[in-house]
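Protein sequences, first through last, are from chains A and B. Its first residue numbered 1, the first sequence is counted upward by one per residue in the numbering used here. Its first residue numbered 1, the second sequence is counted upward by one per residue in the numbering used here.
Bear in mind the hints are in silico, worked out from the structure with no lab data behind them. Note that the coordinates shown come from a computational prediction; the quantities given were computed from them, not determined experimentally. Be careful, since some hints might not be right.
Said to hold, decoys possible - SDA-like cross-link-like pairs, simulated, lysine to any residue; straight-line CA separation at most 20 angstroms:
| no. | chain 1 | residue 1 | chain 2 | residue 2 |
| --- | --- | --- | --- | --- |
| 1 | B | Lys-116 | B | Trp-177 |
| 2 | A | Lys-165 | A | Leu-181 |
| 3 | A | Lys-165 | B | Asp-4 |
| 4 | B | Lys-25 | A | Glu-28 |
| 5 | B | Lys-124 | B | Gly-113 |
| 6 | B | Lys-16 | B | Gln-6 |
| 7 | B | Lys-205 | A | Ser-86 |
| 8 | B | Lys-25 | A | Gly-18 |
| 9 | B | Lys-25 | A | Lys-135 |
| 10 | B | Lys-231 | A | Asp-47 |
| 11 | B | Lys-25 | A | Arg-70 |
| 12 | B | Lys-16 | A | Asp-47 |
| 13 | A | Lys-135 | B | Glu-220 |
| 14 | B | Lys-204 | A | Arg-85 |
| 15 | A | Lys-10 | A | Arg-70 |
| 16 | B | Lys-204 | A | Leu-92 |
| 17 | A | Lys-135 | B | Phe-156 |
| 18 | A | Lys-135 | A | Ile-168 |
| 19 | B | Lys-16 | A | Leu-29 |
| 20 | B | Lys-16 | A | Asp-33 |
| 21 | B | Lys-25 | A | Leu-92 |
| 22 | A | Lys-165 | B | Glu-5 |
| 23 | B | Lys-231 | A | Arg-91 |
| 24 | B | Lys-25 | A | Glu-21 |
| 25 | B | Lys-116 | B | Phe-145 |
| 26 | A | Lys-180 | B | Asn-2 |
| 27 | B | Lys-16 | A | Lys-174 |
| 28 | A | Lys-174 | B | Arg-221 |
| 29 | B | Lys-231 | A | Arg-90 |
Okay, here's what each chain looks like letter by letter:
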Amino acid sequence: MMSEAEKYIKLVELTRAGDYEAYGELYELTVMDVYRTVRFLIHDSSDGEDLVQEIYIQAYRSLERYDSERAFRPWLMGVTMRQVRSYRRRRLTQFRFSKRMEKSDTGLEYDFSGDLINKLANRPLLEQVHRLPYKLQQAITLHYLNEYTQEEISCILEIPLGTVKSRIHAALTKLRQNQKLNLGIRGKVEDLHESR
Amino acid sequence: MNLDEQLRTAYQEEAKDWTISERTKHKILNAIRSESRLKRHRKKWLVTVLLAAVLIVPTGAYAGYTYLANEMYGSQENISAVGGTSEDYMRLEEKLQSAKAHLSEEEFIQFMGLMKQMGQMALKYADQQGEMHPEQWNATEQTEFNRLTTELAPFFEKLEAASVDSPKEPMDQEQFWKEQLAKAETKFSEEQFTEFKSLYEQMKKYEAMVMDQDGDIHEERLSAEQREELKQVRERIFPFLEKLGLDVRKPGE
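One chain only, chain A, in its complex shape (with noise of 0.2 angstroms):
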């Protein structure tokens, strides 16, 4: 049986050899850490799917770089948050140039079906979350979400760990604060989920 790991050191040589099956199979392995991540952080359903290509395309570039004695979901993810940096930059005082590129068929998924209830309470919580500062954002998603160590998290960003540990605190932290003051929303929403 071949550990975790080793999967991914194989599919990367392969897909070094030219087998671009390989790669389908990374990308299989690893796109619903990088699109959740990378909707989260860009908070927009529609060009995240676009920055995914991206960040696909600009890895496989740099693959030849890849060291294989690093992990890969990590390594993968560092350049996703590059890519989600650069986005960031463009939105805001950059311009894109006309592509003439299909619109992905994505969009409008609401979903009413099931729990929405449950959403409506999560929703305010992480609405908070999107308010802190991005760097904040960064480090509690990736923990939270991706449910990355903080030693990964360190090999993501670069940064030193004891940075990470104290970003991860600090939005913590203001969080709490926050939901000191929410209380009486948040109980609201509870007491409509009890009632059901």
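With chain A's structure known, arrange chain B on it following the hints.
Chain B alone, transformed into the frame defined by chain A:
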């Protein structure tokens, strides 16, 4: 429930139905397929690689202004005749810009001279996909092509090495805007130019406010009013960019 668990649950609930369409995977695989196909022939048809790469490889992202590419191909219309989209055109421009940045002035003039000849050849011989097939040409044409290839080779090697060293932003922002402003100054009326310049400066001001040294953007530092103002600045700058011949993609497009 403690905050740790709450966060974990909240993220999971929020993201569990976020799926990405199958088409994205196909687009990526197609893009890397054409890219690697080009790479394999790098040694043999070095020039074809550069040309075809800029004509074929679709990438998203940022691209620059148009003049160098115009110099090479005459106009954007010409490049679409050989299968290039406006995106490809921008990519070509980006490559030429980076060549400009990495070569000395003298080298760059020489390089552009050769590239122009190459551009003429591409217009004449390239197929719909922007690829050239020198092996099918007559002897004179092949000799000419080989001469160009040989002369361009050292430039490409140099550029190749440079691009590996600095795989950062595709084009220097400062340079881009500097040249836009220079162009605007000659093209616009004084009034228009003043407005364009002031819009640009406002944008820069906001960028400085939100950007850290490491390049991270902190939009949350702007107040709601400031954000709205920045949005308006962006909107007002669009028509100017269009006047400068840039094919700008508006937000949400």
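> When you check the alpha-carbon spacing of A:Lys-135 and B:Glu-220, does it fall within 20 angstroms?
Replying inline: 11 angstroms, holds
>> Between the alpha carbons of B:Lys-25 and A:Arg-70, is the straight-line distance 20 angstroms or under?
In response: Distance of about 25 angstroms is beyond 20 angstroms: violated.
>> With the threshold set at 20 angstroms, check whether the alpha-carbon distance from A:Lys-165 to B:Glu-5 stays at or below it.
In response: 18 angstroms, holds
> Holds or violated: B:Lys-116 with B:Trp-177, Cα cutoff 20 angstroms?
Replying inline: 25 angstroms, violated
> Is B:Lys-25 close enough to A:Lys-135, meaning Cα to Cα at most 20 angstroms?
Replying inline: 29 angstroms, violated
> Can the restraint linking A:Lys-135 and B:Phe-156 be considered satisfied, given a maximum Cα separation of 20 angstroms?
Replying inline: Answer violated: A:Lys-135 to B:Phe-156 is near 39 angstroms, above 20 angstroms.
>> Does A:Lys-174 sit within 20 angstroms of B:Lys-16, going by the straight-line distance between their CA atoms?
In response: 25 angstroms, violated
> Does the alpha-carbon distance linking A:Lys-10 and A:Arg-70 stay inside the 20 angstroms limit?
Replying inline: 13 angstroms, holds
>> Would the hint linking A:Lys-135 and A:Ile-168 be met if the CA-CA limit is 20 angstroms?
In response: Satisfied, since the Cα-Cα distance of roughly 9 angstroms is no more than 20 angstroms.
>> Would the hint linking B:Lys-205 and A:Ser-86 be met if the CA-CA limit is 20 angstroms?
In response: 18 angstroms, holds
>> Hint check: B:Lys-16 vs A:Leu-29, CA-CA at most 20 angstroms. Holds or violated?
In response: Holds, at roughly 16 angstroms.
> Hey, B:Lys-16 versus B:Gln-6, does the alpha-carbon distance stay inside 20 angstroms?
Replying inline: 15 angstroms, holds
In this structure, the hints that do not hold are numbers 1, 2, 9, 11, 17, 21 and 27, in rising order.
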